[in-house]
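Q: Spelled out from the first residue to the last, the chains are:
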Amino acid sequence: MNGNKGFAIPGLFLLFLVLASSPGWAAITVQCPGDTNGDAIWTGPEVRPENTVCIHLTAGDGFIRMADGYLQYIFGFNDFTGTPPDQIMDQAMLSQQFPAPTIKVKEGQDVYLTLSNVGMVQRPDLFDAHTVHWHGYPFQTPVFDGEPMASISINMGSSLTYYYVAPDPGTYMYHCHFEATEHMQMGMLGNLYVTPRQDDLPDGAVLGSHVHHPDPDGNGPLPGDRYVFNDGDGSTRYDVDYPIQILAFDPRFHDASMNVQPLPFAMMRDTYPMLNGRGYPDTVSLTPPTPPDENGGRVSQPMNSLITASRGQRILLRISSLSTVEFYTLSSPGIPMLVVGKDAKQLPAYFTTNSLTLGGGESYDVILDTADIAQGTYFLYTTNLHNLSNYNEDFGGMMTEIVIN
Amino acid sequence: MRSIMMQRFRWFPVMAVLLLLGASPALAAIQGVTGTTFNLTAKADHISTPDGGSIHMWGYALNNGRMQYPGPTLILNQGDTISITLTNNLPPGAGNVSILAPGQSGGTATGGVQGLITREAPPGGSVTYNFVAAEPGTYAYYSGTRPELQVEMGLIGTIIVRPAGFNEASNKTAYGHPETRYDDEFLFLLSEMDPNIHELVEAGLMNMVDNTKYFPVYWFINGRAAPDTMLDANVSFLPTQPYNCLPMTRPGGRLLMRIVNASRDLHPYHTHGNHHKVIAFDGRLLESAPGAGPDLAVADFTTSVPPGGTADGVFQWYAKAGWDIYGTDNGHDCVDGNGDDLDDSTYEYCPDHGKPFPVDLPHKNDTTFGAFWGGGPFLGTAEPLPPGEGGFNPNGAYFFMWHSHSEKELTNFDIFPGGMLTMMFVEPPSPPLINP
Amino acid sequence: MRKRIFQIILVILITVFCLAGVSSAAEFWLRAGTFIKTMPDGVQVPMWGFARCTANFASCNPLRVPGPPLIVPPGENTLVIHVRNNLAGPYTEPVSLVIPGQAMPTDGTASSPAPVKVPDENGNLRVRSLVHETAVGSDGVYVWNALKSGTYLYQSGTHQAVQIQMGLYGPLKMDAAPGRAYTGVPFDREVMLFFSEIDPALHTAVVTNNYGPGKAMTSTMYYEPKYFLINGEPYSSATSAIPAGSAGQRVLIRFLNAGLESHVPILDRHYMSVLAEDGNVFEHPKEQYAPLLAAGKTLDAMITPKAQGTYAVYDRMLSLTNAAASPGGMLAHLRIASAPAGAASHGQR
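Protein chains in written order, with the working numbering: chain W, 153 to 557; chain E, 2 to 437; chain R, 1153 to 1501.
Keep in mind the hints are simulated off the structure, nothing from the lab.
Every clue listed holds true.
With a straight-line Cα cutoff of 20 Å, these simulated EDC-like cross-link-like pairs (lysine to aspartate or glutamate) come out:
(1) W:K258 to W:D352
(2) E:K214 to R:D1193
(3) E:K321 to W:D262
(4) R:K1300 to R:E1179
(5) R:K1300 to W:D524
(6) E:K278 to R:E1439
(7) R:K1438 to E:E288
(8) W:K256 to W:D391
(9) E:K356 to W:E202
Bound conformation, chain W alone (with noise of 0.2 Å):
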């Protein structure tokens, strides 16, 4: 660990050596519609068209530290929307970060995103291109599918500007599709939500036996009328929603990388299991984990996720897993699960369950009615059991707690 420090400083020349002597068609170049500067934000005289998104992201490698306090390499994507282009590869190499920031957008948009490769830091002999794979996104084209073999990726030193329309609403997720097995175990990972449009009507809007009340300020709506799905009846309504991502690292896959060795995919075994970037009991800390030293001291695991509420409340739970090893079965003893969607579809039944099972790509929301359960703390961990585990450390891995108030 401590030998591979030194690869950092010297990495970082050689990049800025590379970059510095590309021709001019090598550039970080932000595509985003009446932004004139690139920073991807509309300031001054900008003009923002109505109903449109602009995302900056970065797409690199960083370090994290584990809830045993095990410093890991990882690759990942961090968020720079509003920084200007030419500070972008001095900012954002090495401060990827785990997951990858949430996107969050609403049906009907048009959403830019543009992605940036900085390179990777820690290992200056690769020059691996990346994506954005848009995951669960129906109607797709291959061109912003971001699928490697069935279309482009973008090289280091480079931008890619996807574009949507957002789509149906529902829990979809992100990954890098490039050398899929190797860049997602490596951590370049997120949610990606679409809000529906039902959010938006009118204040009296009649959805069943329900009347929807949006904020009075115009902000959007208040907590108690916003809906996963176009329901019609607000059946899908939730007071508080949480992300919940189901993620996991093989520690000897990630220091075979930070060490240029031969990356042991036949080998690979998660023994880090985690909930959106942190195991236990990271997970329920509202302060990050120590930033490591290695990505120059910066907050690399932004997202905790203890799940809070007043009795009384409906809670969101929105459940995905990018695992790229296992199944893993998630509960919650004493407060069922109502689920409403699978894979960003209404499903055309709900259930009541105590435990989903999930691999990776598959996303499920679960609303938790707090109405009759007596307030407390209580626990969503996976009944796999041995991966209450931060590798061979006890009482961690995947579980967080809900505090009903």
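Chain W is already provided as a structure; the job is to place chains E and R on it using the hints.
A: Relative to the frame of chain W, chains E and R by itself:
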């Protein structure tokens, strides 16, 4: 890291995709054998894996031909009484062998000896299974003798039952109900392998196998690991692996996925391009009442079929991209006669007609191209690529990867890419438009 | 005379009502202890298990894994289970009891469950028990209200990664009414198929005090079960078939999985109508022959066998060995008797 598959593909002369130049209307059918009486022989042989592996297998052979992996797909008609006679030609020491056909009705067995689950064919002997193919659907079959070993060794296969009134030309449904109609059907039989077990068996050390240490490093669709999934069926250099997996469709076409999980593990099977509507599990329609049709169908982007079970999914593709996927400089029309917002023949989404491509694609020097990239974003338009790039998509089709989303399973014993992966493609609806 | 009869009737009625008041709560006594289980291949595995005791632990049955079936009479609203922690040996832990699928229990006085957290070496609190604990050598009481009918697992809620593997689990059921598992779900016969696993390496490490921080085994991450059991026994030639009703009867199969991995129970030549999971009835039952029985899950499935015979039920995820020996593992047989003469058939399947 340079993709090994891209290098390997350069040297494969035979690719099913090249046959598309002048493709016939019926894009493909599921390979199998039809009838009511079948003779299968259990015997040993080898299969090939794309990393150069040669693995000792036990499988079902049709009549007394060469073993195949998976066993022959039996295509039956609803209501028929079926008789399968299994003869045991497995190597000495292998023991008995048998067939279980879950989901079939009125099963009886004669001959052979009674095993722990079903009647079995002793070494050199035979057993006959009789059942009625009472219900249409997709089903698995596999050995019921020491299944943890024999399923692993390759004794697996598929049974398809056509509904009463099925007609390939005029009445192509999976379950009889019009909502189960399809244009093309493809089999996705999923399996996996731990080669240590096969080496022990081949060395005559079957009783040293420890099932509790099972650790697969190969994954297959229809008996082949990627990229062999995308070769032709019946290629001469894969004589014991006759089936391929290369699904294809046209915009608006209804593609029936018959997913059979013949392995022991769960595999999350993911379709890029669109959701697929799961209409049945285990050969039973997801319906609220008999005759209702698949009104309880769920559209998945990833389906995990329990081991031994099956699922039928209907995949239909068209695009709602926010730009005209056929381009804006070739004068094509979008004619929506029936008011569903889609062109009646090309399934173009008419609200997007004429909308320009919304972004500039990066300079070619900044781009890594996929082998199946047509050179440009428009369906039916193949655009020039730098020398050595692409080459597997001369018609400007749209390719989408269909694969296990447990990404570890996209490898062939430590080599990426491989495993449980194939490419589905959407053929352009009209003769290809080559951009000069 | 009429007044006397009336008085007698009144006394009887009052007595009946009082007794009804006493029995509106089901009450059980369970003892947790350490014992040895011998596998068919002769390997002896130390276990932690439950035993059913009479009121106030006056006398107890032998310890067993899975624990004793708790059958709650139909229509009960409250369940009270007394737990005595008799774990013994060089390494012991507090225990507790939870029933996933029911509410979380309290001790009967609190209004909320009281999980127990302990600090780690950095002072961060980590949960050890999902509810209040019962220390070694003491008794605890666990109370559930608003009980739901169905098929459930009871299990320790303490250090579950270790204690559930060690054997602290068992089945519990409550019918909606006699012969009726849930409202609208009548049955003629019922069969329980309880799936579990054993990793003997963990058991040995635990009872010899070699599990824990700084010891030979520090976490359960490298779980590798060697034994796979249905109703507490791996398959062996000594395993006898389970009676499962007669042809034409509605036979309810209650599946429970206390293992840490999924299993897929296939019943040879039978479709199952899976109608509930974790005690929740589906709006539409699922016709399956390969249902997924995930870790910690219960499923209720109805079959209506057409023909008498002995039918194998086996795990299609192929946990079918006793360590390396075959046959073994999750294989069992159901024996269906021929239809009783003159019995009405309850529909075809």
